[in-house]
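Participant: Listed below are the residues making up each chain.
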Amino acid sequence: MKLIFALLFTLLTFNFGYSQSQELEDITLEMLREAQSPSDSSAVAEVLYEKGKISFSVRNSWEYQFEVIRRIKIYSQEGYNQANVQIQYYVGDKNSDKESVSNIDGYVYYEEDGEIEREKIRNRDIFDVDLSEMWEAKKFTLPKIQDGVIIEYSYTIDSPHISNLPKWVFQNTIPTRYSEYTTRIPGEYLAYSIKTKGYYPFETFSDVKEGSLAGFQTRTSIKESKHIGINLPKIEEEPFVNNVSNYLPSIGYELSSYKTGQYEAYKSVSRTWDDVVKTLSDTDTYKKEISRSNYFEDELKAILKDKTLPTDKMNTIFNFVKNKMTWNDEERRYSSDKLDKVYEEGVGNSADINVMLIAMLREANLDANPVLSSTISNGIPLFPTISGFNYVFAHVTINGETFLLDATDEFTSPNILPKRALNWTGTIIKSNGFESLDLKPSSRSRKKFQIQAELTSEGEVNGMCRIISLDQYGLESRRSLNKKSDDELKLKYENAYSVNKIEEISNSNLKDTSKPLLEGFTFSGKEQFVEKIGDKLYLSPMLFLKLKENPFKEEERVYPIDFTFPRTVENFITIKIPEGYQVDYIPEKAIFKLGDGVAQLTYLIEEFNNVISVKVNHEVNAALFLPQDYNSLREFYISLINKENEKIILVKS
Amino acid sequence: MKNPLFLIFLFVTFISSAQENYSIANLTAELIEKSNSVIIQQNIRVIIDDYDDMTIHEDKIITILNEKGMSALDAYASYDKSTKIRNLEVTIYNALGSEIKTFKERDFMDVSAVSSVSLYTDNRVKYLEYTPASYPVTIHFEKETKTSNTAFIKSFTPYTNYYQSIKSSTFRIENNSGIVLRFSENGFMEGVSIENENPNLLTYSVSNLPSISREVYSPSFETFTPKVMFALQTFELEGEKGEVSNWQEFGLWQHENLLKGLDQLPESTISEIKLLTQNLETTRKKAKAIYEYVQNNTRYISVQIGLGGWKPISAKEVDDKKYGDCKGLTNYTKALLNLVDIESNYCVVYSGSEIQDISEDFTSMQGNHVILNIPQENDEDIWLECTSQDIPFNFLGTFTDDRKVLAVNPTGGEILRTPAYTEKDNYQKTTAEINIIEKAITANVKIKTSGTQYDNRYSLGGENEKNIKSHYLSYWNNLKEMILISHEFSNNKEDVTFIEKVKLKADNYVKIYGNDLILDVNPFNKFQVNLPNYKVRQTPFNVSRGFVDEDEFTFNLENLTLDTELKDINLDSEFGSYQLSFEIKDNTLIVKRYFRLNKNNYQKSDYEKFVEFFSQISKYDNTKLSLKLT
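Chains as they are written, first to last, in the UniProt record's numbering: chain D, 1 to 653; chain B, 1 to 630.
These aren't lab readings, by the way, just hints derived from the structure by calculation.
Any given hint could turn out to be false.
DEER-style ranges, computed between Cβ atoms [claimed, not checked]: (1) D:128 <-> B:131: 28 to 38 Å; (2) B:368 <-> D:297: 54 to 64 Å; (3) B:33 <-> D:613: 36 to 46 Å; (4) D:514 <-> B:628: 30 to 40 Å; (5) B:260 <-> D:214: 45 to 55 Å; (6) D:38 <-> B:568: 30 to 40 Å; (7) D:487 <-> B:377: 53 to 63 Å; (8) B:630 <-> D:580: 28 to 38 Å.
The calculated lysine-lysine pairs, modelled on DSSO-like cross-linking and capped at a C-alpha distance of 30 Å, are [to be verified]: (9) D:553 <-> B:567; (10) B:480 <-> D:546; (11) D:652 <-> B:567; (12) D:589 <-> D:652.
Where chain B lies over chain D, by a calculated footprint (3+ residues, C-beta under 8 Å) [to be verified]: (13) 70 to 80; (14) 119 to 133; (15) 344 to 351; (16) 409 to 420; (17) 477 to 488; (18) 536 to 550.
All C-beta atoms, glycine included, are put in the ideal place defined by N, C-alpha and C.
Given only the sequences and the hints, what does the whole structure look like? Please build it.
Facilitator: Structure, rendered in C-alpha cells:
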C-alpha cells in the first residue's frame, strides 16, 4: 500500500506569510497576439487563469457560495469548443436541496483595428437545460470566436450541501497556466477534512484572520487556504490506466464536524474511520436492512436444508442471490428501498444486492461483513470519507479463511470480484470496528491455450484448440460467451483470432463458476499460418496465439501502468508436419525476464518425430508498474513480439 | 362514471384476452431465431382531423428476449410546444403472461432532448428507465400524442431495429380533414397486406417477419424493406400554414416562410465583402473568396427553438455572433454571395456517409441538413458545405455526396443531385524509396490523396505531433517497430489533394530465419479486411464509394540477391481489380501495386465471392520474398 500512497499523495507545503497568489491581470494586445502556448506549441487553447473561491454564510442554515472565474486563450479552431460552457448544478427533489446559479458573466476579448474590443454574453443567450431528474445546467456559447481571442466567464453557485465542497481539479484537457482554489472557512464552526491527490504538485498557503460572514452578527476567525497549481500540462490519455482521475491533481473537502451556535458542542460528521463507520452504521442500510431476515427466511431454510458445511452454506446462498437478483448497473453504498421490496422485484443496486447477501449469510450463522469500497470509475478514496465510498460487497470468514463475494455479477465466484471493484483498497465494517483490506489481487489469474494441429502438404493447417480460463479470465470469458448463439461465437472467435474457418464450437462450465471455464473449437487456415516462399514453407509455430500488437506503442509514459490483476498465460501447441518435409530452421529457445522476474516470457520449442512442440508462458507478476519502469516494460514487449512472430522453415526432404 | 360496471367489464376482458398474447409460448422458432426482441403485436393509428390537428396512437406489445433487446423497446415520447403527450403507459408481463408492474406517465424520466452537438433545443423527451429482473419479458407500451405539426407524418416502416422480428404489426392512417392526403410506397411492399378502403383510410399490415441481422456492407433498411410515406396537401409547421402539391410549390413555401427577409447584412460587412471581391473577375473566384471569409469568421453551433428547427437565424445575427447552425451559416453565405450578384440555392439534404436521397417522387418535409448550390451556366455547379471551417471550396466529401437534394429559391423548389465521386476521383498514390539496413528498413514515403480519400486524410494537417504519430502507428500497424523521423504535409485546397511526405525507420522489418532473409514486398499499403463468413447472408450489400490505389515501392538491394522467382499477379472481378508486379532494375526491386474497388450494389448471393476477393487481396498484399546476402 505504501507504493500507492507514494503515487497519489503529493506533499502539501504549508507556508504562512508569503503568498504566490495571483490576481487577474488586464488583458493586453500582447496577450491577444500570442499565437501559441509557451509550454505546449500543440495546444489548441489554454487556461490562462482559473479560480474557484468558497465562502460561507448563514441564512436558514449554513450555505456555501462557490465563485468561479476562468480565462481561456483560444489558439486554433480545435479549441473553439472551449467557448461552449455548461454549468451544472444540483436541484434534487426537495426545495431545501436546491442549488442555484447566479451572476453569470461571459466576455470575449478580441483585437480590432489595433484596439482591444470586448463583447458580453446576453442573458437571452443563456439557456436552462435539464440534465437528469436531479441535475440542471446553464448553457451558453460565447460569440465572435476567432483564433487568438481570449474568453472569460464567471458564475456563482449557492449551495446548502456543505458536507462536501466542490472538488477542484487543477488540470484540464488543455494546458493550464494558473489554477487556484481558495476556501474561507469559519473554523470556530466548521471543520473539514481535506482530500488531495495527483501526479503533479500544487501548493497550499493558509492564513487565519478575523472576518465577517454574511448573515452573521459577530466577527469570527476565518481560515483562508489557497491551493495553487502552476503550469500544468494537458491531461494525457494512455492505455492501461484504469481511471485517469486518480492521477489528476485535485482537492476535495469533506465536513468532519460542525456547530450551529457559538456555545454549542461540535457535532462530528466524519473525521476518522471510526466516525465513518459510526455514521454508516447509523443508516438504515447498515443498521436495519443488514439484519432484517423475515422476507427471505423461508426460502433460505429451504435452500440450506441439506447443507452443514459452512462453505457449502456460503456457496449456496451466494449462488441463490446471484440467480435471484439482477443488478441495475448502479454502484451505490446505500440500498435504494426496503430490501423485502427489492427482493420481490428482483432488481437492485450494488448495496441492495450485497447487503441482502450479507443478511442471508448472517442468518445462516456465518461471519459476514460489508466491505465498503470505491469502484474504478469512482476513483480512489484517500481519506476517511463517506462520499469516497460508492460500492459495497461481502467479506466472509470461515475457520480463519476469508472470502470476498460480490453477487451483482452472475459469473463472479468467491474471491473473484468484478474488475470494477478491484480498486486498490476497501474497508471492512465489523461490529467492533473496521479494517483496511487490500483489494489488488495478489494471486495470478490463469489462462491456458492448448492446440493440436497438423500441417498438410498443401500448406493448410488444421487443428483443434482448447482454452481453459480461471480466476479473472474465467469471469471475463464467461461474460463474453454468455447468451451468444453459435453463429455469434463463431464470429467472435474468428475476429479475436483472425482465423477464417472456425467450427465445432463447444464450451462447458459456463454457469458453474466453481470449475474452470472450458472452450473448444476446430480451425483451419492457410496463409495466416504458413507461407510459401520459393520452395520453402515458413510456419508460425504459435499459429494465432502469437501477440500481434505491442500494447505499449508510445515511447513515453506519464502515468503508472495498471494491469489490474497479475496474470499468467500458458500456450501449448503441437504441430505435425507433413511427410516429405523436414525442419531446416527452428527458432531458439529463450527466457526473457523483466527485472527479477516481475514479468517473464518462457519460449520453448523442439521437433521430435515430425512433431513440433511449442510451450510459451507469459507471466505478469505485479498489477501495477511505475512510469519509470515503462521503458523496460515496453522493451520486454518488443522482444516478446519478435520472439513470438519467429518462424520455422520447412524444406522438402 | 355513467356506467362503471361496463367499464370494469371492458377492463377485465382486455386483460384476460391479452394474456394469451403476452405469453411467449406461442412464438415460433422463426421469430425467435437471431432475435433480441419480437414485436408481438403493434397497432399504430394516425388520425388527421385538420391541417393542424393530428393524433398518433401507438400500442405495442413487445417481447424482449435478452438484454440486448432492451434498446429496441423505444419506450419514449418526444414533446414540445406543438406536440403534447396524451397518454403514456407501460405494463410489464413475465414470460407466462402475468402482469408484474405498471408505469404511468409520471413514472417516466422527463429531460430536454439536447444532443451533444446542439447547444440548446426546446424539444423534450419522456423516457422509461427500467431493468427487467430476468428475460424474456413482455412489455406493453401505449403512447398517444397530439400535434399541430402536420408537416411530418409518421411513415409506415415495420422494420426499425436489427435483430427484431415481427409477429404482427398494423399501421392505419385515417384522414378526416377533407384535405388531400398523398402517399408513396417504396418498391419492397411484397409481404405487406394493403387495405385501402378509400383514399382517406389506408391500412398496412405485416405478419411473421423474421428478424434481420446486422451485416457488413449492408445498405439502409429502406433500400430493401417496406416503407410508405405520407403527406398532407395543406399542413402546419410550428404555426405556419402551408399548402403544396409538388416540389415547386413546396420550395416556394419554404422560401416564403423560412428564408425570406433573413438576408440583411450590416453596412460594414457589405463594404468588406465588396472590397474583398472587387479585383476578382470570375464568379468562381468571388465565391471562393466569400466561402473562405465565412470559414475564417464563423463556427458551427446548433441552437433549436420552435421554428428554429427549420428556420435559420438571420444573416445579421450570424454576422454579429460569428456562429450559426447549418441553416444559419448557409443562409449567411447565400446572403454574402448575393451582395456580389451571385445567385445560389439553399439546399435541403439528408447528411451522413450512408447515402439517402430526398425522395423525388414524393413531396414532403424531408432532410436533416442544408448546403449551398451555386448554379454555373457553362460549367458544373459549385457546392458548398458551410459548417466546416477547413474543407476546401466546392468539396462536399462523404457527408453529402452523390444524392438528391431539394433546392429552395424564390421561384420555387427543384430536385438537384450532388456530385458523386467515381473510383478514380477517390485516388491514392503511394511511392516509397526503401533502403535495407540489416534487419531494419528506412524509407521516404509520399502519399497523395484526392476525393473521399482526401476527406479521410486532410485533417492530419491540423493535428498535433502526438496524434500524427499515433495515426501512422495505426495506419502502418504492420510495421511493429516504426520510428517516425519526419513528416511534411501539404494541403492543396485548389485541386483538393493532400500530400504526405514521411521519413521513417522500421526495425526488424526483415526477418532472418537461418540464412534466409525474408522481405515483405508491401510495407506501406496493405489491404487487410477480413470479412465475416455468414452461414447465410440475409441482406444485399453495396460498396457506396469505390477507390483506386496505386503504389510503387522501390527497394534498394545493394549487397543482396534475390532467392525467389518473381511472379506478377493479376486479379479481375466484378468487385474490382488488383495487380501486383515486380521489376528488377539497377540493383533495385520495384514493386508496383494497383487496386480498384468498384462502386456498386450487389445481391446477397454474391457475398461469398466478395469475401473471397478480399481474402485474395489480403493474401497478395502479404507476398514475401527470400533474399541472401552477397
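Participant: Could you see if the CB distance from residue 260 of chain B to residue 214 of chain D stays within 45 to 55 Å?
Facilitator: Holds - the Cβ-Cβ distance for residue 260 of chain B and residue 214 of chain D, about 54 Å, lies within 45 to 55 Å.
Participant: Has the hinted range 28 to 38 Å been met by the Cβ atoms of residue 128 of chain D and residue 131 of chain B?
Facilitator: holds, 30 Å
Participant: Is the coverage entry for the region 536 to 550 of chain D by chain B consistent with the three-residue Cβ rule at 8 Å?
Facilitator: holds (count 4)
Participant: Would you say the region 344 to 351 of chain D counts as covered by chain B, given the rule of at least 3 residues with C-beta under 8 Å?
Facilitator: holds (count 3)
Participant: Take the C-beta atom of residue 630 of chain B and the C-beta atom of residue 580 of chain D, compute their distance, and say whether it sits inside 28 to 38 Å.
Facilitator: Cβ of residue 630 of chain B to Cβ of residue 580 of chain D: about 31 Å, so the range 28 to 38 Å holds.
Participant: For the pair supplied as a hint, residue 589 of chain D and residue 652 of chain D, confirm whether the alpha-carbon distance does not exceed 30 Å.
Facilitator: holds, 24 Å
Participant: Please test the hint of 36 to 46 Å on the beta carbon pair from residue 33 of chain B and residue 613 of chain D.
Facilitator: This hint holds: roughly 43 Å between Cβ atoms.
Participant: Should the hint that residue 514 of chain D and residue 628 of chain B are 30 to 40 Å apart at their CB atoms be regarded as holding?
Facilitator: At roughly 58 Å between Cβ atoms, residue 628 of chain B and residue 514 of chain D fall outside 30 to 40 Å, so the hint is violated.
Participant: Counting residues of the region 70 to 80 of chain D that have a beta-carbon nearer than 8 Å to any beta-carbon of chain B, does the count reach 3?
Facilitator: holds (count 4)
Participant: Taking a Cβ-to-Cβ distance below 8 Å as contact, does the region 119 to 133 of chain D have at least three residues touching chain B?
Facilitator: Contact hint for the region 119 to 133 of chain D vs chain B: holds, 6 residues under 8 Å.
Participant: Within the assertion that chain B covers the region 409 to 420 of chain D, do at least three residues meet a Cβ-to-Cβ distance smaller than 8 Å?
Facilitator: With 0 residues in contact (Cβ-Cβ under 8 Å with chain B), the coverage given for the region 409 to 420 of chain D is violated.
Participant: Are residue 480 of chain B and residue 546 of chain D close enough, with their CA atoms no more than 30 Å apart?
Facilitator: Holds, at roughly 13 Å.
Checked against the numbered hints above, the structure breaks hints 4, 6, 9 and 16 and satisfies the rest.
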